[in-house]
Amino acid sequence: MNIKMKVPDQFTVENFPVLNHDNKDYHRIPIILTYLRKENYGLEYDLSDIEGVQLCALISTIERRLAPAINWFLWGDDFVYTKFTRKMYFGSIGFIKQLYIPYIWRNRKLNKAKFSQLVICLKNMSDSEIGEYLYSLAKLCITSLAYILGENAYFIGDR
Numbered sequence: 000m001n002i003k004m005k006v007p008d009q010f011t012v013e014n015f016p017v018l019n020h021d022n023k024d025y026h027r028i029p030i031i032l033t034y035l036r037k038e039n040y041g042l043e044y045d046l047s048d049i050e051g052v053q054l055c056a057l058i059s060t061i062e063r064r065l066a067p068a069i070n071w072f073l074w075g076d077d078f079v080y081t082k083f084t085r086k087m088y089f090g091s092i093g094f095i096k097q098l099y100i101p102y103i104w105r106n107r108k109l110n111k112a113k114f115s116q117l118v119i120c121l122k123n124m125s126d127s128e129i130g131e132y133l134y135s136l137a138k139l140c141i142t143s144l145a146y147i148l149g150e151n152a153y154f155i156g157d158r
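Going by numbering that gives the first Met the number 0, the letters in the sequence shown line up with residues 0 to 158, in that order.
These are calculated hints, taken from the structure and not from any lab test.
All C-beta atoms in this analysis are idealised placements derived from N, C-alpha and C, irrespective of residue type, glycine included.
Just to be clear, a hint being listed does not mean it is correct.
Label-pair distances were calculated between CB atoms; the ranges are [claimed, not checked]: (1) F94 to I147: 41 to 49 angstroms; (2) A152 to Y40: 35 to 43 angstroms; (3) E128 to Y40: 26 to 34 angstroms; (4) D48 to K86: 44 to 52 angstroms.
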């Protein structure tokens, strides 16, 4: 099994991350998790129903609270975008594509992060306020996850 990142010729960032197994590519986290469950990779098959629901809730919380802040950090912060994100994602594509694809991808990622929270949609917030709000949600998420983990080695179950 090989989890890798590759730059597609398409105009979408929805193809990241990529799981490559048996010469097939699986794109996006929900599809990868579904595939791993089918192949019995992971710990879900030993969990009770309650623990399975708790695991789904943890994943959902991370996707709703933490992922938008990470996207905002990688794609919205100008310094991080120019020094790291742009080089990482677009270093291997041709010069002509580098002129327009990064702009399209960045706008998609920023819009997805902006409109991931209903509060941002209802208020007229500046980019700096949006960033602060998303970072506060991420901090709350990490604090909650730390509280849930407590002294345990794992969030759910014993392995």
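Cross-check of the supplied hints:
The hinted range of 41 to 49 angstroms is satisfied by F94 and I147, whose Cβ atoms lie roughly 47 angstroms apart. Judged by the Cβ atoms, the range 35 to 43 angstroms given for A152 and Y40 is violated: they are separated by roughly 20 angstroms. Between E128 and Y40 the Cβ separation comes to about 41 angstroms, which falls outside the hinted range of 26 to 34 angstroms. In this structure the supplied range 44 to 52 angstroms holds for D48 paired with K86, their Cβ-Cβ distance being about 45 angstroms.
The structure shown violates the earlier hints numbered 2, 3.
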